[in-house]
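S.K.: One letter stands for each residue in the lines below.
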Amino acid sequence: MLSANASKNRILDLLTFSFFPIALILLWFLSTKFGWVKASIIPAPKTVKESLSYLLEKNIFVEDALCSLSRILKGFALGASVGIVLGVLVGMLPVVDNLTKVFIALFRPVPIIALIPLFILWLGIGEESKVMVIALGTFWALLINTIDGIKGVDKKLIELGINLGKSKKEIVKSIVFPAAFPSIYTGIRIGITSSIGFVITAEMIAASAGVGYRIMYARNMAMPGILFVGIIEIGLFGLVVDLLVLKLQKYLFRYR
Amino acid sequence: MGTIVQIKNVNKKFTIDGETKEILNDINFDVREGEFVSIVGSSGCGKSTLLKMIAGLESTIEGEILINDNAVNGPALECKMAFQEARLLPWRNVYKNIGFGLDKSVPKSERDELIKKYINMVGLNGFENALPKQLSGGMQQRVSIARALISNPNILLLDEPFGALDALTRINMQREILKIWKQENKTMILVTHDIEEAVYLSNKVVILSERPGRIKKILNIDLAYPKIRGSKDFAYYTKEIYKEFFEDSEHEIDYAI
Ligand SMILES: Nc1ncnc2c1ncn2[C@@H]1O[C@H](COP(=O)(O)OP(=O)(O)O)[C@@H](O)[C@H]1O
Ligand SMILES: [Mg+2]
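Note that the protein sequences, when read in sequence, are chains A and B.
So for the first sequence, numbering that gives the first Met the number 0 puts the first residue at 0; every next one is plus one.
So for the second sequence, numbering that gives the first Met the number 0 puts the first residue at 0; every next one is plus one.
No lab work stands behind these hints: they were computed from the structure.
A virtual CB, placed ideally from N, CA and C, is assigned to each residue, including glycine.
Mixed in with the good hints, there may be bad ones.
Dumping the calculated SDA-like pairs for lysine to any residue here, alpha-carbon to alpha-carbon at most 20 angstroms [stated by the list, open to error]:
#: 1; chain 1: B; residue 1: K203; chain 2: B; residue 2: E57
#: 2; chain 1: A; residue 1: K155; chain 2: B; residue 2: I15
#: 3; chain 1: B; residue 1: K115; chain 2: B; residue 2: E84
#: 4; chain 1: A; residue 1: K165; chain 2: B; residue 2: L76
#: 5; chain 1: A; residue 1: K154; chain 2: B; residue 2: R110
#: 6; chain 1: B; residue 1: K178; chain 2: B; residue 2: E195
#: 7; chain 1: A; residue 1: K45; chain 2: A; residue 2: P223
#: 8; chain 1: B; residue 1: K216; chain 2: B; residue 2: F233
#: 9; chain 1: B; residue 1: K242; chain 2: B; residue 2: E196
#: 10; chain 1: A; residue 1: K172; chain 2: B; residue 2: D102
#: 11; chain 1: B; residue 1: K95; chain 2: A; residue 2: F180
#: 12; chain 1: A; residue 1: K165; chain 2: B; residue 2: R110
#: 13; chain 1: A; residue 1: K172; chain 2: B; residue 2: K103
#: 14; chain 1: B; residue 1: K95; chain 2: A; residue 2: K150
#: 15; chain 1: A; residue 1: K165; chain 2: B; residue 2: E77
#: 16; chain 1: B; residue 1: K95; chain 2: A; residue 2: F18
#: 17; chain 1: B; residue 1: K95; chain 2: A; residue 2: P223
#: 18; chain 1: A; residue 1: K155; chain 2: B; residue 2: Q83
#: 19; chain 1: B; residue 1: K132; chain 2: B; residue 2: E84
#: 20; chain 1: A; residue 1: K150; chain 2: B; residue 2: W90
#: 21; chain 1: A; residue 1: K165; chain 2: B; residue 2: P89
#: 22; chain 1: B; residue 1: K203; chain 2: B; residue 2: L65
#: 23; chain 1: A; residue 1: K249; chain 2: B; residue 2: K203
#: 24; chain 1: B; residue 1: K181; chain 2: B; residue 2: E32
#: 25; chain 1: A; residue 1: K167; chain 2: B; residue 2: S104
#: 26; chain 1: A; residue 1: K155; chain 2: B; residue 2: G162
#: 27; chain 1: B; residue 1: K7; chain 2: B; residue 2: E32
#: 28; chain 1: A; residue 1: K155; chain 2: B; residue 2: N92
#: 29; chain 1: A; residue 1: K249; chain 2: B; residue 2: A129
#: 30; chain 1: B; residue 1: K185; chain 2: A; residue 2: G164
#: 31; chain 1: A; residue 1: K249; chain 2: A; residue 2: F176
#: 32; chain 1: A; residue 1: K154; chain 2: B; residue 2: S47
#: 33; chain 1: A; residue 1: K150; chain 2: A; residue 2: S80
#: 34; chain 1: B; residue 1: K20; chain 2: B; residue 2: S41
Here are the in silico distance ranges between beta carbons for each label pair [what the hints assert, rightly or not]:
#: 35; chain 1: B; residue 1: D25; chain 2: A; residue 2: R253; range: 46 to 56 angstroms
#: 36; chain 1: B; residue 1: D165; chain 2: A; residue 2: L245; range: 56 to 66 angstroms
#: 37; chain 1: B; residue 1: D25; chain 2: A; residue 2: K246; range: 52 to 62 angstroms
#: 38; chain 1: A; residue 1: G164; chain 2: B; residue 2: E21; range: 44 to 54 angstroms
With the hints as constraints, model all of the structure from the sequences given.
M.R.: Below is the structure:
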């Protein structure tokens, strides 16, 4: 009885889970087939499919994706490492905490999008400006979450480490870092997710390749098929990244 | 046997939101080497604070605490503490939590054997790989006791270590603690709110008053081990302690022998 109920629940879960995507795709087919919307506003699935084949054939699809991805990875690696290192210093050393307080309070509220023109002015239209945008977004996410994580470590566990005669280094390694890790991981998650948004935005403003550039290009050329390929691509990429990050989170913090 | 711990004119105040509260007032007592001393008192009277001060974990104190004639001035490594809360590292399993009590200078070859010995002693065989969240409160406390014991400290500080244990496990753990105490000639200082437990385990009971904690009485328990819980002498001592707690109350002691 119990297992029958369980499998019934699973089927119900699957149905509710897939209801929205299926309905959306169905609506898309029907509305374009019967001309409910103009093809210049929402292209037919067939048009999108043709655009996709075109992009794949010319190898543009893969090149754009790799180009955007490499910017994300470079920017993320740079921003995350600087953010974590500075976050650890701020979290552990009151002097550094004091030194950086005004800096953080002043610059954190500035939207990163607003800085894109400045980065282009400083670093030109090449790779650097795009990488910097992503790096900065990731930096803030990791800085703030690392500080929170380290400051939030249970003082009682540190007291335990002291009683057990552990050195400062051992306490940091065996207590402070593991205890702060979930919060740092939250920063990583936010950093990765927002990186996707930042890379697209930066590429739409100034770039000669990448998914964001392609979308802007398609708009200028009035090619909604290509535009839609780009949007769907970003959505799917975000979905996969989020799933992987959540899976890893479940595994890493299974002790909770 | 010489004196190992001396507590001299100790006061302790905490300041919370600018308001200074007196927690412990004029505490004086000695602990001899190899002695089993219990501290009893109502909750909030500063028992945990007193143990932490002995372990050198409280920064500001008035008065003096000496261990082996040296003033405690920072963490006292002779003392290992089983804290009132188990304080396990949630990301480590039982085996690794107990192993955390060992100094890193202990060679790998000895570690495994020691850890297994103490897992066995606290009756957690088969739970080596369990995570703290998978353990009951009593099991967590046993891990914490094993972690304090494994480094073989001279002085063991036990802060209500059996509080979360069921009656049977509690009696077993009390026996184990006595066994370790006798075999390894350790000095033990135990905080408890269980008067029977204090009489059963200790040579000496320090009775603290309510806030601020002052010493009401120090009672030597002149009973030979193993003590017989139901005996007349045993009951005499428990009654002596009960009397201290209820002397201010109008109620007569309900506790009769
Ligand atoms: N770090 C601290 N800061 C401020 N007050 C504290 C601190 N630790 C303990 N206290 C206060 O000291 C009193 C005694 O605490 P504690 O020693 O834990 O009592 P007991 O163990 O006897 O129940 C309590 O009122 C508690 O709130
Ligand atoms: Mg306490």
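S.K.: Compare the structure with each hint and give your call.
M.R.: The hints, checked one at a time:
1. About 24 angstroms separates the Cα atoms of K203(B) and E57(B), which puts this hinted pair outside 20 angstroms; it is violated.
2. Between K155(A) and I15(B), the direct Cα distance comes to roughly 18 angstroms. Compliance with the 20 angstroms bound is thereby established for this hinted pair.
3. With a CA separation close to 23 angstroms, the supplied pair K115(B) and E84(B) exceeds the 20 angstroms bound.
4. The hinted pair formed by K165(A) and L76(B) meets the criterion: a straight-line CA distance of about 10 angstroms does not exceed 20 angstroms.
5. Restraint check for K154(A) and R110(B): the C-alpha separation of about 27 angstroms exceeds 20 angstroms, so the hint is violated.
6. Proposed proximity of K178(B) and E195(B) is supported: the alpha carbons are some 18 angstroms apart, at most 20 angstroms.
7. About 12 angstroms separates the Cα atoms of K45(A) and P223(A), which keeps this hinted pair within 20 angstroms; it holds.
8. Distance restraint check for K216(B) and F233(B): the Cα-Cα separation of roughly 18 angstroms lies within the 20 angstroms cut-off, and the hinted pair is therefore satisfied.
9. Among the hinted pairs, K242(B) with E196(B) is consistent with the structure: their alpha-carbon atoms are about 16 angstroms apart, no more than 20 angstroms.
10. Distance hint between K172(A) and D102(B) is fulfilled; the C-alpha atoms sit about 14 angstroms from each other, no more than 20 angstroms.
11. Between K95(B) and F180(A), the direct Cα distance comes to roughly 18 angstroms. Compliance with the 20 angstroms bound is thereby established for this hinted pair.
12. The straight-line distance between the Cα atoms of K165(A) and R110(B) is roughly 16 angstroms, inside the 20 angstroms bound, and the hint therefore holds.
13. Between the alpha carbons of K172(A) and K103(B) the distance comes to roughly 13 angstroms, so the proposed pair stays at or under 20 angstroms and holds.
14. Under the criterion of a C-alpha separation no larger than 20 angstroms, the hint pairing K95(B) with K150(A) is inconsistent with the structure, at around 25 angstroms.
15. A hinted pair counts as satisfied when its Cα atoms are at most 20 angstroms apart, and K165(A) with E77(B) qualifies at roughly 13 angstroms.
16. Only pairs whose Cα atoms come within 20 angstroms are accepted, and K95(B) paired with F18(A) is rejected, the gap being roughly 46 angstroms.
17. In summary, the hint linking K95(B) to P223(A) is not supported, as the alpha carbons are separated by about 59 angstroms, beyond the 20 angstroms threshold.
18. Of the pairs offered as hints, the one joining K155(A) and Q83(B) holds, with about 11 angstroms between alpha carbons and a cut-off of 20 angstroms not exceeded.
19. A distance of roughly 14 angstroms separates the Cα atoms of K132(B) and E84(B); the hinted pair therefore holds under the 20 angstroms criterion.
20. Proximity of K150(A) to W90(B) is assessed by CA-CA distance (about 18 angstroms); at most 20 angstroms being required, the pair is judged to hold.
21. Taking the CA atoms of K165(A) and P89(B), the gap is near 18 angstroms; set against the 20 angstroms cutoff, the hint holds.
22. For the hint linking K203(B) to L65(B), the alpha-carbon distance of about 19 angstroms falls within 20 angstroms, and the restraint holds.
23. Between K249(A) and K203(B), the direct Cα distance comes to roughly 50 angstroms. Violation of the 20 angstroms bound is thereby established for this hinted pair.
24. Simply put, K181(B) and E32(B) have alpha-carbon atoms about 12 angstroms apart, close enough for the 20 angstroms limit, and the pair holds.
25. A threshold of 20 angstroms between alpha carbons decides the hint, and for K167(A) with S104(B) the separation of about 15 angstroms falls inside it, so the pair holds.
26. A C-alpha spacing of about 19 angstroms is found between K155(A) and G162(B), which places the hinted pair at or below 20 angstroms, so the restraint holds.
27. For a cut-off of 20 angstroms, the pair hint linking K7(B) to E32(B) stands: about 17 angstroms separates their Cα positions.
28. A hinted pair counts as satisfied when its Cα atoms are at most 20 angstroms apart, and K155(A) with N92(B) qualifies at roughly 19 angstroms.
29. Our distance criterion of 20 angstroms between C-alpha atoms is met by K249(A) and A129(B), whose separation comes to about 17 angstroms.
30. Restraint check: the Cα-Cα separation between K185(B) and G164(A) comes to about 19 angstroms, which is no more than 20 angstroms; the hinted pair holds.
31. Taking the CA atoms of K249(A) and F176(A), the gap is about 18 angstroms. The hint holds against a cut of 20 angstroms.
32. For the given pair, K154(A) sits about 15 angstroms from S47(B) by alpha-carbon distance, which is consistent with the 20 angstroms threshold.
33. In summary, the hint linking K150(A) to S80(A) is supported, as the alpha carbons are separated by about 19 angstroms, within the 20 angstroms threshold.
34. With a C-alpha separation of about 17 angstroms, the suggested pairing of K20(B) with S41(B) holds against the 20 angstroms cut-off.
35. Checked against the hint of 46 to 56 angstroms, the C-beta distance between D25(B) and R253(A) comes to roughly 50 angstroms, which is consistent with it.
36. About 39 angstroms separates the C-beta atoms of D165(B) and L245(A), a value inconsistent with the hinted range of 56 to 66 angstroms.
37. Look at D25(B) against K246(A): about 60 angstroms separates their beta carbons, and that is inside 52 to 62 angstroms.
38. Distance hint for G164(A) and E21(B): a CB-CB separation of about 31 angstroms, inconsistent with the stated range 44 to 54 angstroms.
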